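Student: Assemble the whole structure, with the sequences as input and the hints as a guide.
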Amino acid sequence: MNVAMHNAPLWQRHLTVPRLWALWRTGRRVVTLVVAVDFAALLLCATAFLRSTITASDLLRFGLLAAMSVVYLELSRQVDARRRLFVAVDSSASHVDVTSVWTFAAVIVLPPSLAAVTVAIAYLHISARSVRPLEGWRLYRIVYSAASMVITCVATSVLVQAISWERRGGNEALRAVVTLAAAMVVYRAVNRLLILAAIMTSVGRLRPSQWLGSRKDNVLELSMLVLGAATAVLVVQVPPLALLVLPAVFLLQHRALLKQLVEAATIDTKTELLNAAAWRQLAQRELERAGRQKTATAVLVIDMDHFKRLNDTYGHLAGDEALKAVGEALADELRGYDAVGRFGGEEFVALLPSVDGPTAVGVAERVRERIESVQVRVERRTGGIGSIAVTASVGVAAAQGGVELDDLLRAADGALYAAKAAGRNAVRRAPTQVTTAA
Numbered sequence: 001m002n003v004a005m006h007n008a009p010l011w012q013r014h015l016t017v018p019r020l021w022a023l024w025r026t027g028r029r030v031v032t033l034v035v036a037v038d039f040a041a042l043l044l045c046a047t048a049f050l051r052s053t054i055t056a057s058d059l060l061r062f063g064l065l066a067a068m069s070v071v072y073l074e075l076s077r078q079v080d081a082r083r084r085l086f087v088a089v090d091s092s093a094s095h096v097d098v099t100s101v102w103t104f105a106a107v108i109v110l111p112p113s114l115a116a117v118t119v120a121i122a123y124l125h126i127s128a129r130s131v132r133p134l135e136g137w138r139l140y141r142i143v144y145s146a147a148s149m150v151i152t153c154v155a156t157s158v159l160v161q162a163i164s165w166e167r168r169g170g171n172e173a174l175r176a177v178v179t180l181a182a183a184m185v186v187y188r189a190v191n192r193l194l195i196l197a198a199i200m201t202s203v204g205r206l207r208p209s210q211w212l213g214s215r216k217d218n219v220l221e222l223s224m225l226v227l228g229a230a231t232a233v234l235v236v237q238v239p240p241l242a243l244l245v246l247p248a249v250f251l252l253q254h255r256a257l258l259k260q261l262v263e264a265a266t267i268d269t270k271t272e273l274l275n276a277a278a279w280r281q282l283a284q285r286e287l288e289r290a291g292r293q294k295t296a297t298a299v300l301v302i303d304m305d306h307f308k309r310l311n312d313t314y315g316h317l318a319g320d321e322a323l324k325a326v327g328e329a330l331a332d333e334l335r336g337y338d339a340v341g342r343f344g345g346e347e348f349v350a351l352l353p354s355v356d357g358p359t360a361v362g363v364a365e366r367v368r369e370r371i372e373s374v375q376v377r378v379e380r381r382t383g384g385i386g387s388i389a390v391t392a393s394v395g396v397a398a399a400q401g402g403v404e405l406d407d408l409l410r411a412a413d414g415a416l417y418a419a420k421a422a423g424r425n426a427v428r429r430a431p432t433q434v435t436t437a438a
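So in the working numbering, spot 412 of the sequence shown is number 412, and the numbers just go up one at a time.
No wet-lab data here; the hints were simulated from the structure. Just to be clear, a hint being listed does not mean it is correct.
As the list claims (entries may be wrong) - The calculated DSS-like cross-link candidates involving lysine-lysine, where the alpha carbons are at most 27 angstroms apart (straight line), are: (1) 270 with 259; (2) 259 with 216; (3) 308 with 216; (4) 259 with 308; (5) 308 with 324; (6) 259 with 324; (7) 324 with 216; (8) 420 with 294; (9) 324 with 420; (10) 270 with 216; (11) 270 with 294.
Here the structure is a predicted model, which is why all the values come from computation and not from measurement.
Tutor: Laid out in structure tokens, this is it:
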């Protein structure tokens with residue numbers, strides 16, 4: 001590399017010298033997917049421009065949507081920076097892609113060529129106003145995201161035009177509803193498939209919950225698409241009123257940020273269960289309710305066996321994978337309204353409302369067997385990927401009516417030590433029921 005190129009801005013070096021672009025340091029499958037999607041997006045754009053007929057009205061609507069996109073991203077930079085910080089720290093955090101408001105509106109009211117240009121403007125603006133330098137790994141991911149969105153928009157736009165052409169005449173309102181509904185489904189499906197393709201190519205596997213996305217993410221995305229549809233209607237019918245969408249998008253994004261703040265304060269990032277403080281607060285409220293209603297309550301204290309040995313043998317990343325796998329097993333095995341949390345280190349806790357001692361022992365046995373069946377993928381120090389089994393010991397304590405949380409935990413912890421002394425991978429119950437608090 002010559003001196004002039006070495007002194008060039010980082011973005012220019014990434015674009016001019018392909019070997020510096022982090023894409024080339026990824027696996028062959030990732031390179032193939034990214035190049036294929038980028039090429040397909042360019043081909044679709046070229047085809048769309050050759051076949052599009054652009055009118056003056058199209059240009060005016062395009063200008064309004066592009067301006068709204070840029071203005072909104074400028075006004076909401078601080079909120080967006082905080083949101084991106086959550087995504088960077090916690091990959092499971094919800095990604096509120098507000099650009100879909102403008103791109104989906106463009107799909108509805110513009111020819112495919114101008115819809116693609118709207119996407120390009122939005123992502124170029126995001127890249128230019130990024131709070132961090134445009135490193136190589138971020139560059140190819142942004143390009144892939146933009147290319148995926150171009151493919152999504154062109155495919156959806158073609159569908160919208162096809163529906164409009166085939167259903168000329170008849171009930172206009174019904175045709176509009178059918179068109180918008182079909183466009184939302186195709187827009188979401190195409191974009192989701194391209195995202196899943198990237199994840200599968202990079203990671204190699206997907207959890208069942210990742211295929212359709214979480215309920216929270218789907219609700220947020222649907223809300224953005226609804227706002228995009230409203231924007232499209234206003235741009236066509238009453239263009240000045242389209243500006244009213246800006247505060248609505250801001251409120252939705254701000255509400256999502258508040259939810260992320262609450263989750264950050266209550267959720268353990270490694271296991272996605274409640275953290276210790278949040279679990280204690282929820283458990284205390286449940287025990288107070290049990291005291292008023294004179295109902296039974298049980299607590300499970302679950303401790304992974306030989307966790308230090310696992311860390312020493314396979315490394316802390318393997319330990320984190322094991323914690324995550326056990327957390328998923330607990331979330332799947334216990335009821336949705338059971339309070340389940342990570343208490344610290346390799347110890348988990350679960351409070352079971354309306355469950356007596358014998359029933360809690362049965363639940364604990366089921367949990368122990370489920371954890372025993374978990375296989376954790378690890379990278380062996382000698383090379384290669386393998387899988388290992390993990391086990392856990394469980395202590396159970398139960399009470400009737402209201403009790404002090406610490407008393408219940410102390411009894412369950414004593415039972416846990418008895419399970420450890422019995423050889424681990426066992427369940428033991430506290431010998432006596434915890435008495436009602438005075």
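Student: Would you mind confirming whether the straight-line C-alpha gap from residue 270 to residue 294 stays at or under 27 angstroms?
Tutor: Cα-Cα ~36 angstroms, so violated.
Student: Taken at face value, is the distance from the CA of residue 294 to the CA of residue 420 at most 27 angstroms?
Tutor: violated, 32 angstroms
Student: Is residue 324 close enough to residue 420, meaning Cα to Cα at most 27 angstroms?
Tutor: holds, 22 angstroms
Student: Are residue 259 and residue 308 close enough, with their CA atoms no more than 27 angstroms apart?
Tutor: Violated. Residue 259 to residue 308 sits at ~34 angstroms, over the 27 angstroms cutoff.
Student: Holds or violated: are the alpha carbons of residue 308 and residue 216 at most 27 angstroms from each other?
Tutor: Roughly 35 angstroms separates the two Cα atoms, so the pair is violated.
Student: Is it true that the CA of residue 308 sits at most 27 angstroms from the CA of residue 324?
Tutor: holds, 16 angstroms
Student: Between residue 259 and residue 216, does the CA-CA distance stay at or below 27 angstroms?
Tutor: holds, 10 angstroms
Student: Holds or violated: residue 259 and residue 324, Cα atoms, limit 27 angstroms.
Tutor: holds, 22 angstroms
Student: Is the hinted pair residue 324 and residue 216 satisfied, with a Cα-Cα distance of at most 27 angstroms?
Tutor: Within the cut-off at roughly 20 angstroms; holds.
Student: Could you grab the alpha-carbon distance between residue 270 and residue 216 and see if it respects the 27 angstroms cut-off?
Tutor: holds, 19 angstroms
Student: Quick one, are residue 270 and residue 259 close enough, alpha carbons at most 27 angstroms?
Tutor: Holds: residue 270 and residue 259 sit about 18 angstroms apart, inside 27 angstroms.
Against the hints set out earlier in the document, violations occur for numbers 3, 4, 8 and 11.
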